[in-house]
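**Q** Okay, here's what each chain looks like letter by letter:
There are 2 protein chains.
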Amino acid sequence: MKNKQFLLKSRPVGKPTRDNWDYVVNDVAELSDNQLLIRIDYISLDPAMRGWMNEGKSYIEPVQLGAVMRAGTVGQVLKSTDKNFAEGDYVYGHCGVQQYAVVSTQGMHKIDPALAPIERYLGVLGMPGMTAYFGLLETGLPKAGETVVVSGAAGAVGTVVGQIAKIKGCKVIGIAGGADKCAYLVNELGFDGAIDYKSENIKKSLKELCPKGVDVYFDNVGGDILDDVLTQIRMKARIVICGAISQYNNTTAVKGPANYLSLLVNRAKMEGIVVFDNAANYGKAVAEMAGWIAQGKLKAKEHIVTGFDNFPEALLMLFDGENTGKLVLKVEA
Amino acid sequence: MKNKQFLLKSRPVGKPTRDNWDYVVNDVAELSDNQLLIRIDYISLDPAMRGWMNEGKSYIEPVQLGAVMRAGTVGQVLKSTDKNFAEGDYVYGHCGVQQYAVVSTQGMHKIDPALAPIERYLGVLGMPGMTAYFGLLETGLPKAGETVVVSGAAGAVGTVVGQIAKIKGCKVIGIAGGADKCAYLVNELGFDGAIDYKSENIKKSLKELCPKGVDVYFDNVGGDILDDVLTQIRMKARIVICGAISQYNNTTAVKGPANYLSLLVNRAKMEGIVVFDNAANYGKAVAEMAGWIAQGKLKAKEHIVTGFDNFPEALLMLFDGENTGKLVLKVEA
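So the sequence lines, in the order shown, correspond to chains A and B. Its first residue numbered 0, the first sequence is counted upward by one per residue in numbering that gives the first Met the number 0. Its first residue numbered 0, the second sequence is counted upward by one per residue in numbering that gives the first Met the number 0.
Bound conformation, chain A alone:
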């Protein structure tokens, strides 16, 4: 049984290219005790993967050179040597960018394909959904009537942040790239407004759409957009630092928010979040999110690219802002 894999060959400078990957075909290993052989069906493509490719300390170890690229995955158990998992079970875990994985059962979670399409467990019911849920509700602390702005609004996390903020009674403005994405946010997801960062003056549009100022800003992008929003925050605003996708491929230093003294003027705070800290409460969150989906209050959206071999180019779609909703790679054509 042959297993196609993408190994990290070299650490990228700027955007990752095909040269950063070793595309290899290996035999699938034999199972030891308490292991699973998994056929991977969907691979999650996330902005955080760019950080994992860098050397040096972050919130998680970097991927080692020569190792299978780390990625969240959903797939089906083909063989099990653990009594808690049966052949045919579907599981979520970090099985990497490959077709098959032999893994210990630790960190593998059974998912229910009857409840939702399995790829949804990489999106709204997975890490991006959890990131949005906990980041917004526990760090952003939105109150009904407040104004919430989210950047990367058409992405996996942003779409969920905005919808949860609407559920909580907030006015929601999304910042996204392109008229189509902006129309999608307003017409399909019920955002109160959207700003196209590719064609609009963000500061001016924020002033118009948020005349009272911004109470909560959920930042997925960093860079100039963070600086623009900082000029429009309200007293006691909360800025959730979830990511900074505009900066991940920088070959120069990260752009720090030059307007950070707005935090002082407005007695505001900026706080970083990492979803894993909430692992103990994922179950409760998934249950609540599934309820919102069932009631039609929360729409799930996946952007599926098909074909394992397309991984390098598909990953770049994130940084080029080409996805709407959760970007996933479907392994088989």
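In short, the hints are calculated from the structure, not lab data. Among the clues, some could well be false.
Listed next, the stretches of chain B that the computed footprint assigns to chain A, with coverage defined by at least 3 CB atoms under 8 Å from CB atoms of chain A [as the list claims (entries may be wrong)]: (1) 236-244; (2) 255-267.
DEER-style ranges, computed between Cβ atoms [stated by the list, open to error]: (3) G282/A with H108/B: 53 to 59 Å; (4) K206/B with A252/A: 16 to 22 Å; (5) K296/B with S103/A: 53 to 59 Å.
Where a beta carbon is used, it is the ideal one built from N, C-alpha and C, also for glycine.
Based on these hints, arrange chain B on the given structure of chain A.
**A** Chain B alone, transformed into the frame defined by chain A:
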């Protein structure tokens, strides 16, 4: 009766110079009802004054061109048309950079010259002390055993922040400019260590002095020092943004903290404070601080420059880092 005054003549670009001031001598006005004539004895010189000289919205209105420069002051009541104030009372208020002031009693607070030298009400028992007290205790939230780092450590706010952190059982490291200031912090104020930013590699010294990382960083300076500390923060660290004196005379954009994504990696937060928000609780804080002073746990330090006419040059001492402790201008020679 003649009254020397410094009026704001023009808004400075970079460091304020004598050219930005109109030095004038005016007659003292007659009193209306509920007013005081005050002889100003000490004028507070504060980094925030630089911001008040700029045009545009901040946490307080800018000083208008042609107006007496705003400043905190202590002085004695010479005449009163308000039954709550008597001739001879000493008062704290914002009476501006002048020898005499005719003001309404609103915003004027009686102080007790028997309890402490009156200039102390501009320092440890005044705004800088309140800033340190509330900023550290309510936003920094230090716990015994944690490591607290403060920049501008030898200044009016920094000296108090460090001493309160010691009272709360923390390890305290100060960042200041020059060997004398550093020796003062350690030998006189009981800091556990001090870093001379003029001669040391801050990041390296922080690693040595704070091997477990920084739990609370109280930032008075911004710029490169903020960026260096960001690389050394611990999980769940709290950064109190009190000021950014390194940036106030910039003629280019403020330097944003390029390492702000350390907030994400470390699930840390950065929060701005303005002392006035705690006005309702000043009394309680002053009482506690006075108790610490009486017990010898909190040392007050004023840096007194004598002579009203020296105001322009004395103000610049703040930005050149020439003061140790609270900088005040004594009006009479």
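**Q** For each hint, tell me whether it holds in the structure or not.
**A** Here is how each hint holds up against the structure:
no. : hint                           : verdict
1   : 236-244                        : holds (count 4)
2   : 255-267                        : holds (count 13)
3   : G282/A with H108/B: 53 to 59 Å : holds, 55 Å
4   : K206/B with A252/A: 16 to 22 Å : holds, 20 Å
5   : K296/B with S103/A: 53 to 59 Å : holds, 55 Å
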